[in-house]
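Keeping the supplied structure of chain A fixed, place chains B, C and D with the ligands upon it in accordance with the hints.
For reference, the chains in residue letters:
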Amino acid sequence: MKKRYAAAINEALHEEMERDERVILFGEDVEASMFGDTAGLLDRFGRRRVRNTPISEQTLAGMAVGAAAAGYRPVLHLMFGNFVYTAMDAIGNQMARIRLMTGGQMTLPLTVIAVYGGGRSSAAQHSDAPHPVLMNLGGINVAMPANPADGKGLLKAAIRDDNPCFFLEAGGRGAEMGEVPDGEHIVPFGAASVLREGKDATLVAIGTMVKHARVAADNLAAAGIEVDLIDPRTMVPLDYATILASVEKTGRLVVVDEARDSCSAASQICAVVAGQAFSALKAGPARVTVPDVSLPYAPVAEKSLIPNPQRIEARVRALIG
Amino acid sequence: MKKRYAAAINEALHEEMERDERVILFGEDVEASMFGDTAGLLDRFGRRRVRNTPISEQTLAGMAVGAAAAGYRPVLHLMFGNFVYTAMDAIGNQMARIRLMTGGQMTLPLTVIAVYGGGRSSAAQHSDAPHPVLMNLGGINVAMPANPADGKGLLKAAIRDDNPCFFLEAGGRGAEMGEVPDGEHIVPFGAASVLREGKDATLVAIGTMVKHARVAADNLAAAGIEVDLIDPRTMVPLDYATILASVEKTGRLVVVDEARDSCSAASQICAVVAGQAFSALKAGPARVTVPDVSLPYAPVAEKSLIPNPQRIEARVRALIG
Amino acid sequence: MTKTNLPGPAPDQQRAMLRTMKLIRAMESRLSQDSLQGLLPGTVHLYIGQEAVAAGVCAHLKDDDKITSTHRGHGHFLAKGGSPAAMMAEIHGKDTGVCRGMGGSMHVADVSKGILGANGIVAGGMAIATGAALAAQLDGKGGVAVAFFGDGAANEGVFMENLNIAAVWNLPLIFMCENNGYGEFTPAHTVTAGRLIDRARAFGMPCHEVDGNDADAVWATAAIAVERARAGEGPSYIEAATYRIHGHFEAEAVMLKKPYRPAEEIEEWRGRDPIAAYVARLTEAGVVTPEDAAGLDEEFAEVVEKAVADAQAAPLPSNDLAASLMFTNRTVEVMA
Amino acid sequence: MTKTNLPGPAPDQQRAMLRTMKLIRAMESRLSQDSLQGLLPGTVHLYIGQEAVAAGVCAHLKDDDKITSTHRGHGHFLAKGGSPAAMMAEIHGKDTGVCRGMGGSMHVADVSKGILGANGIVAGGMAIATGAALAAQLDGKGGVAVAFFGDGAANEGVFMENLNIAAVWNLPLIFMCENNGYGEFTPAHTVTAGRLIDRARAFGMPCHEVDGNDADAVWATAAIAVERARAGEGPSYIEAATYRIHGHFEAEAVMLKKPYRPAEEIEEWRGRDPIAAYVARLTEAGVVTPEDAAGLDEEFAEVVEKAVADAQAAPLPSNDLAASLMFTNRTVEVMA
Ligand SMILES: Cc1ncc(C[n+]2csc(CCOP(=O)(O)OP(=O)(O)O)c2C)c(N)n1
Ligand SMILES: Cc1ncc(C[n+]2csc(CCOP(=O)(O)OP(=O)(O)O)c2C)c(N)n1
Ligand SMILES: [Mg+2]
Ligand SMILES: [Mg+2]
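Protein chains in written order, with the working numbering: chain A, 28 to 348; chain B, 28 to 348; chain C, 5 to 340; chain D, 5 to 340.
Excised from the complex, chain A in its bound form (with noise of 0.2 Å):
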C-alpha cells in the first residue's frame, strides 16, 4: 500500500510499542509532533511509556544510555540532525564508548531519531547532515532511509536491535508517498538496495540523495548511459560489498551524499574503493558533496550547495568521458 514516509515511520513505531511494552518514547513535543512522525503515540500508548521532555538533548541522549541499560529500549526523538552537537558528549562519550569500556557487559538497544539535511531554507543550525561524524565515533549504528518503505523497515530493525541505533529521517520529506509492504516489514541493517541496474558506472546515493540521483540515472538512461544505482540504507554498517562488486563491474563510481565534504560519507566509499578496487577503475572515483560551507539561508543560494540531478549527472558523464 502507498504510504507517506512519515507516516511509514509513525506505523512502525506504533506496531514496536505495541510489541514489545518496553519500548519508550521521549522526546521535545513528541505529543504534539511537528514532523508527524510520532503522531497518536502518548493518544495510544499514555504519558507513562510516551513522554514529552523539557529541552535538555545532552541529558535526553544519557538517560537513553540508562534506561537501556537499565532493560528497556528507548527511542529518543532528537528533532534536528543538528542537535546531534548539542548531545554529543551523551553520544561520543558515552553511547557509542560504554560497551567497549564495560568489555561488553552493557547493552545498548536504544534508538535515536533525528531530521537531517537542507534545502527548506532553515538556515545552517536546522540543516546538518550530521551522519560523518556518527560514522567516525564508531559503536553506533546509523540508518538513513531514502523512502517510506525503508522508513518503516529499518525503525523496526533499529528498535529491534540490541545496539545504538541513529534513525536519521530525510528532511523535508514526510509527505512523500511510496509503496511500503503490507503486514511485518522488517529491513536488515547492512544490506544495500539496488535500485537500477546497470553497466557504465556505479552511482552511490545517500538518505536525500537517493531522489535526486534517480532522476539523474533516468536522464542519463535516456541518454543511453547505464548506471547501478545503490542505496546503501545503513551507513554503519556499510554494505561495501554491494558496492565494490559493482564497481567491479562498471570501473566507474560516483557517491552522493548531503554531508559536507571532508571527512564524509562520500569520502569514505571513494577511499574504500579506491583501495579495495583499484585495477578494477577505469577513472578516479567521484564525489558529489556540499563544499565544506554552512548552509545558507537564502533559497537559490542554499540549492545550488546540495547535490541536484544535473550535478549528479554531469560528474557521471565527464567519468565517462
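Please note: incorrect hints may appear among the correct ones.
What the hints assert, rightly or not - Looking from chain A toward chain C, a few residues come up when the C-beta cut is under 8 Å (computed):
1) SER149
2) PRO318
3) ALA325
4) LEU332
Claimed, not checked - Okay, the calculated bits of chain D under chain C, using three or more residues with CB under 8 Å as the criterion:
5) 190–197
6) 202–215
Calculated directly from the structure, the hints in this document are not laboratory data. Yeah, the Cβ is synthetic: ideal placement off N, Cα and C, and Gly gets one too.
Okay, now just chains B, C and D with the ligands, sitting in the frame of chain A:
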C-alpha cells in the same frame, strides 16, 4: 635551540600574550597545568587575563565565541580531545556557523587547545582523535603540530588568525625534544612540510603519527625504498597541492592517521587523491588508521590498534608489491 | 513582581519605547501575513505580545552594549537599533539583508549595533553573551551584555553554567528570561520543576520578577540591573511573565493536528496586549495623544511597506557568497 | 547537617559498613603504592578519605538498584558489591578484569550488581542514572538509582538538567554529591557561586547535608532518601562534606610544579579519617573489639595480596577483543 614540545607551546602562549593584551586564556586548571603547556602564565599575566574555570565545557566554548566577537583573542584550553564532544554544541552549532549566518559580520579570532590521541592507557574517554569531526564541521581551522617547532609556530599563527582555530596537541608527547628556531617563529596554516624525499611512494602522516612514519621511512630507506614523507601540519586548510604533486611523482600513497577509519582524515586525503591524481596512481591509495573501535585500556591491546612503524612499513611495501 | 513605584521612565523615554513596540508590531504583523501566504523562504517565530520586554530592556543599552537573542529575535533586533529594512531584506533572503541573506529570520544580527545575533539553538546565545560580558569587564568601560532567552531555554544545562560563571567572575551580564509559558507546544509547567527564578537565586545574584507586558515595569527593573552591571557589581536575573500571542511559529496552525492551548487563554492575553495597554496609559497621562499613536501606525506602515518593496526588488545573494564568507581570508574550495 | 539523632544503623549494619570501608582502603592503599611504582598501566584517582560516603549509601542498596559513579569510582564499585579481585585485575589491564581490561580504573563496572560504571567524563554518569531511575519507575518494583558525583561535576550544566527531569517525573533517584572541596587542582570555592545545595533546592526536592566522614550520619541520611525513592515519592539530593586525602590522582606530586593545597589542610583531614573515627566509635560502643578491627585489616591484606597476585598472573586480553565487543552481533572489520 632544542626545546620540549610542551615548552615550545608554552613559549608561544607567553610571547603572544606579551605581544597583544587582547589575547586571554581560560580553561579548567590552566593554573596548575597538568600538561605544562599553560604553566607560568597566570603568574606572569595575572588573574584578569588567565582564568581557571568551572567544569563547564559547553559554556567555555560559547564564551570563546562571545569574547572573540567582542574584540578579544581568547585561547580556551579544553584539556582532552574527547571534551570536544562535551562542548560540541557551541563548536558545531555556533563557532563553525556564526560567521556565515551573520553574513560575514562576525569575526572570531579564537583558539581552542586540546590534547588528543591514545597510547597511554587512558581508555576510551580520554584517547580520541577528534580532528575528522572538526574537519567535517567546516568553518574551523585545525592544526596538528607533530614537533616542538611546529607547536610553537602553529600556535602563534592560530592566535593571530582571525578565524576559529583548533590546536590539537599530540598526547603524551609533551616531553619530547626538538629544535625550535630562535626568535619570532610562525608556521602558516595550510603549508605541509616535506620531511623526507623519495620517488617510490608518498607517505602522509598526521600529528602523532609523524613520529611512527619517520621510523617506518627510515627502515624502508635502509631496504632501498625511498618515500616522500609529508606532514600536512594543518588539516584545515589542508595542503592538497603538496600531496598531489608528490603522488604525481611517486604514483603511490599511504596515509597514516590516528583517527578511527570511517570518515577519517586519511579517507578524505585518499578520496581526493584518487579523484584528482588517478592517472598517476600505480596502486590504490592506502590508509593506516585505527579501526572503528573505542581504544581499550589494556596497553598491549591498545597499542595493537594504533598505527605503528611496522604496520606503516608493511603497508608501503604491500603497495610497491 | 517589581512594583512600578520604582523610578520610572521619563515621558521621552516612554515615547521612545512606544515607538519601538509599534515598530516591532508593524514589522511582524506584515511578516505574519507574508509567511501565511508563503511569501517568505523560511519559517518565522513572532514576538507579538512580548514587545514590552525588548523595548524596556534595550532602552537602557548603547550600541557598544551587547545582546544575544533567540529564534524569536526580531523584537530584540529592532529594539537594539537594528535596521527594519535590512531585517526585512534578510528575511526575504536577499543580498541587501543584514546578514546578506545567509541567516534569515532565526539569525538576524548587526554586530555594529551590538546585536550578536538571534540564534536557532535554544539557549545557544547565552554563553556568547557571557563571553561578551567578559570582554566588557576586561574593557573596563562600563559595558554590559544581555542574554535574552525563554522559559524553555532555562531547562538547558548551559543556563546553569552561565549563571555560575557570571556570578563567580562578577560579570556585567543580565539574564533576561521571557517566560511566555510555552516551549514550542509544551506548557512550561509540565517540563519545569520549581520556579525558574529560584535557579538563578541559588547563585547569589539579584533576581527580579516583572510583568513582561508592562513596558514601564520592565524599564524600571532593567534600570536596576543595567546600573548594577555598569558599576561592576555583577550579574542579575530578570524574569518577565509574558505570552506569545501567535504561538510558536506561523506554520503551526497548518502543521499541528490539534490546538495545544485553550482559546480563552489566547483571548485573555490578547486583552493584555502590551501595546494597547501602553497607548492607553500614555494617553491618559498626556504623554502622547491618540493622534500621536495613530501617527506612529502610519509612519511604520510606510516603513514596512518600503522595507518589503525594497526587499522584493533586491538582488539575491550570489551562489558563491557562502563559500567566500566562511573564513576571513580565503574562499572555501571544493576538491572534486 | 543531618544530625545523628536520626534513626541510625544497627550494630550488624555498622559492622558491615566498617568492612566495606576497610576493604576499600586496603585495596586503594595498595593501588597507591603500585601506581607510584609504575606497576599500573593508567592513572588512578583514589577515594581514600571518602569511604564513609560509599559505605553509608550503598548499605541501603540491592543488586537490582543502580548506581553511576565517577573517575574516582573504586569505592562505589566495592561498596555496591563489586568483586575486589575482578577490580584489581581490571586495573592491571587483564582479561580477567571485570571489564576484561577494556576500561581500567576509570571505568570499573559490574552490570550484574547494578554498577553502571565509573565514568571518565565529569558528570557523565548522571543522566545514565536518571535513565536507570526512569526504568525503575516503569518497573514499579521500588528500585532506586543513585548518581554519585563531585563538587566539580555540579558545575556541569547536565547537573541541572537531571535535577529538573528527575523532579518533573518524580523519579526514584538520589543525587549524591561528594563535596571534597576540589575539582582537580582548583579549590571549589573559586569556581562555584552560591551553595550547591541551593541549586538542588530550586527544583523542589528534599535536600540534605551530611558529614561525609561519618558513616552513620551518611547511612541515616541515605535511609531517608532511599525510602522516599522506593515509595515512589521522588528524588532527593544529598551533599556530603568530605576530602580526597591523596589529592586528585597519584601522579600529581610528580606532575605539578607546586602544591595546590596547604599541608595543614591535608593534616587536618587526616585527623578526621572516616575509618579511624569509625573504629573508635564502634569500639567504644562495644560493637567491635580492637581485635575485630585488626582482624579485618589482616583479612583484607590477604584479599588484596591474592587479588594482586592473581591479576599479575592473569592473561592479557587478546588484541582482537575490542573489535568483537563494540557491537552485540558483529565484529568490527577494517576495510583497508
Ligand atoms: C538545542 C535546541 N533544541 C530544540 C530546539 C527546537 N526548539 C526551537 S524553539 C523551542 C522552544 C523554546 O522555548 P522557549 O525557550 O520558551 O522560547 P519561546 O519559543 O517560548 O520564545 C524548541 C524546543 C532548538 N531550536 N534548539
Ligand atoms: C567533561 C570533563 N571535563 C573535564 C575533565 C577532567 N577532570 C577529571 S576529574 C576533574 C575534576 C572533577 O572534580 P569533582 O567532580 O569535584 O570530583 P573529584 O575529583 O573531586 O572527586 C576534571 C576537571 C573530565 N574528565 N571530563
Ligand atoms: Mg517560552
Ligand atoms: Mg571534588
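Do the hints match the structure? See the list:
no.: 1; hint: SER149; result: 6 Å, holds
no.: 2; hint: PRO318; result: 5 Å, holds
no.: 3; hint: ALA325; result: 4 Å, holds
no.: 4; hint: LEU332; result: 6 Å, holds
no.: 5; hint: 190–197; result: holds (count 4)
no.: 6; hint: 202–215; result: holds (count 7)
Of the numbered hints stated above, none is contradicted by the structure.
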